[in-house]
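Peer 1: Here is what each chain is made of, one letter per residue.
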Amino acid sequence: MSACRTIFGREFSSYFATPLAAVFLVVFLFLAGIFTFSMGTLFERGQADLRPFFQFVPWLFLFLAPALSMRLWAEERRLGTIEIITTLPIGIGHAVTGKFLAAWLFSLFALALTFPIWITVSWLGDPDQGAIVAGYLASAMVAGIFLAIGSLVSAMTKNQVIAFVVTVVLCFLALLTGFPVVLDFFRGWLPTDAINLIAGVSVMTHFTSLMRGVIEVRDLVYFATAIYALLAATALMIDWRKSI
Amino acid sequence: MAELINAQNLYKSFGAIRAVNGVTLRVSAGEVVGFLGPNGAGKTTTMRMLTGFLDPTDGEITMGGFVLRDDPIGARRTFGYLPEGAPAYPDMTVRAYLTFIARARAIPAREIAARLDDVVKRVHLGGVIDQVIETLSKGFKRRVGIAQALIHDPPILIMDEPTDGLDPNQKHEVRELIRTMGSTKAIVLSTHILEEVEAVCTRAVVIAAGRVVFDGTPDEFERQAPATVTRNRMDSAFRTMTSPASEVVS
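Keeping their order, the protein sequence lines are chains A and B.
Those letters in the first sequence? Residues 1 to 244, by the working numbering.
Those letters in the second sequence? Residues 1 to 250, by the working numbering.
Because the hints were derived from the structure by calculation, they are not lab data.
From a predicted model like this one, the values you see are computed outputs, not experimental measurements.
Note that beta-carbon positions come from the ideal geometry of N, C-alpha and C, so glycine has one too.
Take these hints with a grain of salt, some might be off.
25 Å max Cα-Cα, derived DMTMM-like pairs, lysine to aspartate or glutamate [what the hints assert, rightly or not]: (1) A:K158 / B:D55; (2) A:K242 / B:D71; (3) B:K138 / B:E84; (4) A:K158 / B:D91; (5) A:K242 / B:D58; (6) B:K138 / A:E75; (7) B:K121 / B:D167; (8) A:K242 / B:E84; (9) A:K158 / B:E134; (10) A:K242 / B:D55.
Label pairs and their in silico Cβ distance ranges [stated by the list, open to error]: (11) B:S137 / A:R5: 30 to 38 Å; (12) A:L29 / B:N169: 47 to 55 Å; (13) B:G216 / A:L170: 16 to 24 Å; (14) B:R95 / A:D193: 57 to 65 Å; (15) B:A106 / A:Y228: 23 to 31 Å; (16) A:L170 / B:P108: 40 to 48 Å; (17) A:S13 / B:E60: 38 to 46 Å; (18) A:I198 / B:K138: 51 to 59 Å; (19) A:V26 / B:E3: 57 to 65 Å.
Chain A side only, calculated, beta carbon under 8 Å to chain B, not exhaustive [as the list claims (entries may be wrong)]: (20) T18; (21) T81; (22) T87.
Modelling step: build the complete structure from the supplied sequences, incorporating the hints.
Peer 2: Quick look at the structure:
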């Protein structure tokens, strides 16, 4: 556990050692503002809730989570420090978890900085606070699953650009499969069970269900399982191909 | 002295290429082994297998009494490793980096400062301890890599070209350091500089095309040169053993 904390500490502080943290936070908050107030018509809707903000969160993280995750392992490979980290007396699982948690906590920090939107809405009206908590939980889960996908992709390459692009595409697919447009496309020629399966593995399906304010165990289990499986795959990938 | 490294019949293939072809290496405490060979002979690959960074295609490795395959974490506690090129995190200061390594090696928090002081003195990093690693010269970066390998005072040291990129003064310092540590530790270092073998090593192991072609003292190594050669006898011995045209000497 202490090994995990050590890796976490180094990774987390590395965000702040470079302009990465500042750039990320500024872009994230700027886009969150635009999406919520301008495109999401927070005020015009005349309803005191954060739906306009939360519905854009997956799209925000679609680009920003891969920007955080692309360096997780690709950077270690490029620098050659992978040779140090994998020969230290720490389990690879601890290293993978520590790095993932650093990226996740950082994105939760960015998410937490959107609190003025919450305050605004609470001041203007009387929103359902439970739904807002559920919305933040859903957003945290989406960030988690995207970062876990990114962690696995980053473990496969030493090129951060490739890691970024492939992660964006995979996250996009993971979102897309839950949309009616995509499901309708399959509906013509696939049995209903298969359609349900496709919708079931979609990030969007579980995100939307959480965001509606219904915290269901099913959705949490989905996110937890997916993140765990992706991190386990990352550890296997690194162990299998330490040098590429 | 206790045998600390025992690598038996190591093989490593990358696809169709066989990089290491049956290397056996046993090193005891008090030995400094100079690992020699032409580029691409399999030195780095062998060292990477000793540290568990690469899994051998075949063969078994015991480090400090731990079988690498069965207890990799236990084995990794017993050695310090300077990988090729001395990689480090460029955005960290020397102090932050060495503290990170010390923590990852589970050195108790109250001992870290003392260990850091000791290792910084030994490799002469005092002046740059709070400098960011990417701003350091090549020589300092190499010494940070050596410090990182020494921080837990391991019984075994594996160093891939520890003096590469150092100026003559720094080379001398690092050799002195290795020689002092060599009396109690098992050290394997690779080098292209043959005088280094004479200066610090108690034993020379030459590999060519993935096989051990010589294993003996530096004196015995020199005697492999043809009798007619009077100058640079080590160079001549090296060429005799490793040039493809020559007979393999074992």
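Peer 1: Against the range 51 to 59 Å, how does the distance between the Cβ atoms of A:I198 and B:K138 compare: consistent or not?
Peer 2: holds, 54 Å
Peer 1: Has the hinted range 30 to 38 Å been met by the Cβ atoms of B:S137 and A:R5?
Peer 2: Holds - the Cβ-Cβ distance for B:S137 and A:R5, about 33 Å, lies within 30 to 38 Å.
Peer 1: Would the pair A:K242 and B:D71 pass a check requiring their Cα atoms to be no farther apart than 25 Å?
Peer 2: Holds, at roughly 18 Å.
Peer 1: If you draw a straight line from the CA of B:K138 to the CA of B:E84, is it 25 Å or shorter?
Peer 2: The hint holds at about 13 Å.
Peer 1: Please test the hint of 23 to 31 Å on the beta carbon pair from B:A106 and A:Y228.
Peer 2: Between B:A106 and A:Y228, where Cβ atoms are some 25 Å apart, the hint holds.
Peer 1: Range hint 57 to 65 Å: satisfied by the CB atoms of B:R95 and A:D193?
Peer 2: holds, 59 Å
Peer 1: Between A:S13 and B:E60, does the C-beta distance stay in 38 to 46 Å?
Peer 2: Between A:S13 and B:E60, where Cβ atoms are some 39 Å apart, the hint holds.
Peer 1: Decide if the proposed pair is consistent with the structure: A:K242 and B:E84, CA atoms, cutoff 25 Å inclusive.
Peer 2: Roughly 15 Å between the alpha carbons, so the hint for A:K242 and B:E84 holds.
Peer 1: Against the 25 Å threshold, does the CA-CA distance of A:K242 and B:D58 hold or violate the hint?
Peer 2: holds, 17 Å
Peer 1: Would the hint linking A:K242 and B:D55 be met if the CA-CA limit is 25 Å?
Peer 2: Distance ~9 Å between A:K242 and B:D55 Cα, so the pair holds.
Peer 1: For the pair A:L170 and B:P108, does the Cβ-Cβ distance stay inside 40 to 48 Å?
Peer 2: holds, 42 Å
Peer 1: Holds or violated: are the alpha carbons of A:K158 and B:D55 at most 25 Å from each other?
Peer 2: Holds, at about 20 Å.
Violated hint: 13 only; the structure is consistent with all others.
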